[in-house]
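2 protein chains.
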Amino acid sequence: MDARTAQETPETAIQAVLDDWLDAFHQGDVERIMTHYTADVRSFDAVTALQFRGREDYAAHWKACMDFCSGEPVGEFDQVEIECDGDLAFAHMLMRCGMVGEDGRENSGWMRYTVCMRRDGNAWRIAHEHVSTPFDMNTSAVLFDLTP
Amino acid sequence: MDARTAQETPETAIQAVLDDWLDAFHQGDVERIMTHYTADVRSFDAVTALQFRGREDYAAHWKACMDFCSGEPVGEFDQVEIECDGDLAFAHMLMRCGMVGEDGRENSGWMRYTVCMRRDGNAWRIAHEHVSTPFDMNTSAVLFDLTP
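Protein chains in written order, with my numbering: chain A, 86 to 233; chain B, 86 to 233.
Extracted from the complex, chain A is given alone in its bound form:
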């Protein structure tokens, strides 16, 4: 048993999935991002539609988002909390999300990110996720400027 195996717990395995997801996002690698979802994933994404169902539909949405945000993706997790029992887990965190444009200026904001995961053999995959930015009750404006 090497050091890595000795230290691996469900929580560290899930953190590794989140880290790889974030790294793939930085690389703009939608194919690698999609390996972290179950085939029947149900996503409540921050933009466009109430929901996306299935890896194929969700991949098409990811590609559309990456095309829309033509700059270099930037992302950062904060206050990640993970809970798991048996073959189920959930994690919730804040996520700074945006891009650096061709002029070198960063356009990003803090969002909320929830993932609900299912273990399939040795792999933890995202069966459901929910991403959003809150809005102001009085003005209905999206609150892009909130910070942790």
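In case anyone wonders, no lab produced these hints; they're calculated from the structure. Be aware that a few hints might be false.
Said to hold, decoys possible - Computed footprint of chain A on chain B; a stretch qualifies when at least three of its residues, placed anywhere within it, have a C-beta under 8 Å from a C-beta of chain A:
| id | stretch |
| --- | --- |
| 1 | 93-103 |
| 2 | 132-139 |
| 3 | 169-175 |
To be verified - Estimated spans, in silico, between C-beta atoms of each pair:
| id | chain 1 | residue 1 | chain 2 | residue 2 | range |
| --- | --- | --- | --- | --- | --- |
| 4 | B | T97 | A | E141 | 25 to 35 Å |
| 5 | A | D221 | B | Q164 | 26 to 36 Å |
| 6 | B | Q164 | A | H146 | 13 to 23 Å |
| 7 | A | G156 | B | A145 | 32 to 42 Å |
| 8 | B | S193 | A | D221 | 32 to 42 Å |
| 9 | A | Q92 | B | G186 | 53 to 63 Å |
| 10 | B | G206 | A | V185 | 44 to 54 Å |
| 11 | B | Q92 | A | T97 | 10 to 20 Å |
| 12 | B | L107 | A | A145 | 28 to 38 Å |
| 13 | B | D205 | A | S225 | 34 to 44 Å |
| 14 | A | D163 | B | G186 | 35 to 45 Å |
| 15 | A | E141 | B | A149 | 11 to 21 Å |
Just so it is clear, CB atoms sit at the ideal spot from N, CA and C, and this is done for glycine as well.
Based on the hints, put chain B in the right spot on chain A.
For chain B alone, kept in the frame of chain A given last:
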């Protein structure tokens, strides 16, 4: 063993929590709503702030929302999906949410609702929830008019 006990599974127990939460919401009964959260609940609500931590802070936010929406609350769940294993569960659904004003007109829209639950003894309680409405990438307007 009576018929109810014989039929109770984690899924039916969780559905009963969601049903009671929704009934309490219809009654505007914040105290009863709050019984369904853990003391350390972390909420990503649809409005106002990135997050709320702890039952006390979240109750204050619920009361502020109920005061803001002075009409009769209306709510409806659709496409509820529940998964559980051991002492952990998650559920995700669409939720029509709004109010009927004093003029009798309903002002509501479809949102997304995710709950992450933990079993404490016999009680399933919400340790994390995420509520939101998506926005339009091009205009940044909140999409209040989407339907399932």
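Do the hints match the structure? See the list:
1. 93-103: Coverage by chain A is violated for the stretch 93-103 of chain B (0 residues, Cβ < 8 Å).
2. 132-139: With 5 residues in contact (Cβ-Cβ under 8 Å with chain A), the coverage given for the stretch 132-139 of chain B holds.
3. 169-175: It holds: at least three residues are needed, and the stretch 169-175 of chain B offers 7 whose Cβ sits within less than 8 Å of chain A.
4. T97/B with E141/A: 25 to 35 Å: holds (32 Å)
5. D221/A with Q164/B: 26 to 36 Å: Between D221/A and Q164/B, where Cβ atoms are some 28 Å apart, the hint holds.
6. Q164/B with H146/A: 13 to 23 Å: holds (18 Å)
7. G156/A with A145/B: 32 to 42 Å: Holds - the Cβ-Cβ distance for G156/A and A145/B, about 39 Å, lies within 32 to 42 Å.
8. S193/B with D221/A: 32 to 42 Å: With a Cβ separation near 18 Å, S193/B and D221/A fall outside 32 to 42 Å, so the hint is violated.
9. Q92/A with G186/B: 53 to 63 Å: holds (57 Å)
10. G206/B with V185/A: 44 to 54 Å: With Cβ atoms ~50 Å apart, the hint holds.
11. Q92/B with T97/A: 10 to 20 Å: With a Cβ separation near 39 Å, Q92/B and T97/A fall outside 10 to 20 Å, so the hint is violated.
12. L107/B with A145/A: 28 to 38 Å: Since L107/B and A145/A have Cβ atoms about 33 Å apart, the given range 28 to 38 Å holds.
13. D205/B with S225/A: 34 to 44 Å: holds (37 Å)
14. D163/A with G186/B: 35 to 45 Å: Given about 39 Å between the Cβ atoms, the range holds.
15. E141/A with A149/B: 11 to 21 Å: violated (41 Å)
Of the numbered hints given earlier, the model fails hints 1, 8, 11, 15; all others are met.
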